[in-house]
Amino acid sequence: MKAVFYPGCTLSTAAGYKESIEQVNRVLQVELPEVDDWSCCGATAYFSLDELVALVLPARNIAIAERDGYDWIVTPCNACYATLRKAKAILADNEDLRQKAKQALEEEGLSYRGKPFIRHLLDFYLLPEVFEKVKENVVKPLTGLRVAPYYGCQYSRPQVGDETDDAENPVNLDRLLEALGAEVVDYSAKTACCGAAQMVAHEDGCLRLVNRIVKAAQQKGADAIVAICPLCQFNVETAQKKLGYNIPVVFFTQLMGLAFGIPHVNLGMKKLLIPADTVLAKI
Amino acid sequence: MEAKGLLKELLELPGGDQILKCIQCGTCTGSCPMSDVMDYGPRRLFALIKDGSIKEALRSNTYWVCASCYFCTVRCPRGIKITDVMYALKELSVKQGFYPAGEPTVKMYQAFRETVEEYGRLSEAKMMQKFGMKAPLDVIKKAPLGIKLFFKKRIETKVEPIKNLDAFKRVIQKARQLERAS
Numbered sequence: 000m001k002a003v004f005y006p007g008c009t010l011s012t013a014a015g016y017k018e019s020i021e022q023v024n025r026v027l028q029v030e031l032p033e034v035d036d037w038s039c040c041g042a043t044a045y046f047s048l049d050e051l052v053a054l055v056l057p058a059r060n061i062a063i064a065e066r067d068g069y070d071w072i073v074t075p076c077n078a079c080y081a082t083l084r085k086a087k088a089i090l091a092d093n094e095d096l097r098q099k100a101k102q103a104l105e106e107e108g109l110s111y112r113g114k115p116f117i118r119h120l121l122d123f124y125l126l127p128e129v130f131e132k133v134k135e136n137v138v139k140p141l142t143g144l145r146v147a148p149y150y151g152c153q154y155s156r157p158q159v160g161d162e163t164d165d166a167e168n169p170v171n172l173d174r175l176l177e178a179l180g181a182e183v184v185d186y187s188a189k190t191a192c193c194g195a196a197q198m199v200a201h202e203d204g205c206l207r208l209v210n211r212i213v214k215a216a217q218q219k220g221a222d223a224i225v226a227i228c229p230l231c232q233f234n235v236e237t238a239q240k241k242l243g244y245n246i247p248v249v250f251f252t253q254l255m256g257l258a259f260g261i262p263h264v265n266l267g268m269k270k271l272l273i274p275a276d277t278v279l280a281k282i
Numbered sequence: 000m001e002a003k004g005l006l007k008e009l010l011e012l013p014g015g016d017q018i019l020k021c022i023q024c025g026t027c028t029g030s031c032p033m034s035d036v037m038d039y040g041p042r043r044l045f046a047l048i049k050d051g052s053i054k055e056a057l058r059s060n061t062y063w064v065c066a067s068c069y070f071c072t073v074r075c076p077r078g079i080k081i082t083d084v085m086y087a088l089k090e091l092s093v094k095q096g097f098y099p100a101g102e103p104t105v106k107m108y109q110a111f112r113e114t115v116e117e118y119g120r121l122s123e124a125k126m127m128q129k130f131g132m133k134a135p136l137d138v139i140k141k142a143p144l145g146i147k148l149f150f151k152k153r154i155e156t157k158v159e160p161i162k163n164l165d166a167f168k169r170v171i172q173k174a175r176q177l178e179r180a181s
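Taken in sequence, the protein lines are chains A and B.
For the first sequence, numbering that gives the first Met the number 0 assigns the number 0 to the initial residue and increments by one for each residue that follows.
For the second sequence, numbering that gives the first Met the number 0 assigns the number 0 to the initial residue and increments by one for each residue that follows.
Just chain A, same shape as in the assembly (with noise of 0.2 Å):
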């Protein structure tokens, strides 16, 4: 298996989740590096506006993927995992988009053939030659550390027929937290909808989106809400003000790394606007 990883635009303002990752890979190893000047997948905004170029753009990212030698596409976003993969499916299905598709990207001499696999994040730290070095890793077992995984909705729908996980019940963030040495607290929001781009424009409705999410979490007595897609983690840390709450809401890389013993601050928690002391503190 020969990884690249993908880590979309929204990656590099998230609060401490490109930091963590590094400072994690770097713990366990693992080479990931970046595809090579990749683009926008296009996300939601153009599967609204235009088809095709919705297609062009995942494919476009695959394409320099597959031409560089990369069998696996690993992302860290929700958004771009279900972007590509949905692509991916829509393309090896009809036989006329994928000519276009293909058309398109001969502009920029590339091919594309749609081999690769496409994975979250989550699901390469689970892979079980990866997941064993993450068990060896943990030398400050979060013991004590309640958690609330939170999934988001785009890590397991839609289905396109390679997923990882349950549609409604995933387990794999629980299975990594876990293993981290904290207890998961199993509540009714873990893929409950956060509202995603639509806080931008239709908040009001988004608000009472969050609301049930962090309410679910607080009435289990979770200390930290888990993220695994920086606008997931964006809109539950940033809508709880508006609407009183107060948990931290922490990327699962950033629990990795303080389970490895790495500093806080190495993993970019100060950026959190709900600071993560509590949670610090119990560790």
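Simulated from the structure, these hints should not be mistaken for laboratory data.
Cβ coordinates follow ideal geometry from the N, Cα and C atoms, glycine included.
A portion of the hints provided could be inaccurate.
[As the list claims (entries may be wrong)] Here are the simulated lysine-lysine pairs, DSBU-like style, with alpha carbons at most 35 Å apart: (1) B:K162 / A:K269; (2) A:K132 / B:K152; (3) A:K114 / B:K3; (4) B:K106 / B:K168; (5) A:K269 / A:K101; (6) B:K106 / B:K157; (7) A:K241 / B:K106; (8) B:K152 / A:K281.
[To be verified] Covered stretches of chain A, as calculated for chain B (at least 3 residues, CB under 8 Å): (9) 35-41; (10) 187-197.
Given chain A, work out where chain B should sit, using these hints.
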């Protein structure tokens, strides 16, 4: 365009014809987290379209408010990819100029597209600037959060375009040309 023509066009869009399979069970509306801010839930939207009232359906905010959570899609007993039908409706409504006046999601997506086509990637700060030109009030109320994020170093101050921006633009241009020709 008349209702008949609009319906024909919807049925020809990828996924659009799936609407005919709907049995009006309402699982979609019951599963939709955004239904309370929609003019109609998805079930009623589908009923309107099948009933020949596609213009009324297109003038609603329903399909714009969809957050793409795909709950309806994984639960539909008829296997309709409802989220994709919503995408088809969005495309149709922009192309035919039917979307409700003042619907902010359209402007947000257009700001997203303009940013990506300028840099090859999305910059949230640039997108919000562009969105602010189209929907100032929606952006002004976000200013206090923007200031906090700035001090947390969570807003990029400099945006670098991708290396092969010219080739990237040619790819998009070609895709648009092929789309128009079909």
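Need the status of pair K241 of chain A, K106 of chain B: alpha-carbon distance at most 35 Å? holds (25 Å)
Agreement of K162 of chain B and K269 of chain A with the hint, judged by alpha carbon distance not exceeding 35 Å: Within the cut-off at roughly 32 Å; holds.
Is K152 of chain B within 35 Å of K281 of chain A, Cα to Cα? holds (26 Å)
If you draw a straight line from the CA of K114 of chain A to the CA of K3 of chain B, is it 35 Å or shorter? violated (40 Å)
Are K106 of chain B and K157 of chain B close enough, with their CA atoms no more than 35 Å apart? Distance ~24 Å between K106 of chain B and K157 of chain B Cα, so the pair holds.
Examine the region 35-41 of chain A: at least three residues should have C-beta closer than 8 Å to a C-beta of chain B. holds (count 5)
Please check whether the region 187-197 of chain A has three or more residues whose CB lies within less than 8 Å of a CB on chain B. holds (count 6)
Assess, step by step, whether the Cα of K106 of chain B is no farther than 35 Å from the Cα of K168 of chain B, and give holds or violated. holds (21 Å)
Checking one constraint from the list: CA of K269 of chain A to CA of K101 of chain A, max 35 Å. Satisfied? violated (44 Å)
Distance restraint between K132 of chain A and K152 of chain B, which requires alpha-carbon spacing of 35 Å or less: holds (32 Å)
Checked against the numbered hints above, the structure breaks hints 3 and 5 and satisfies the rest.
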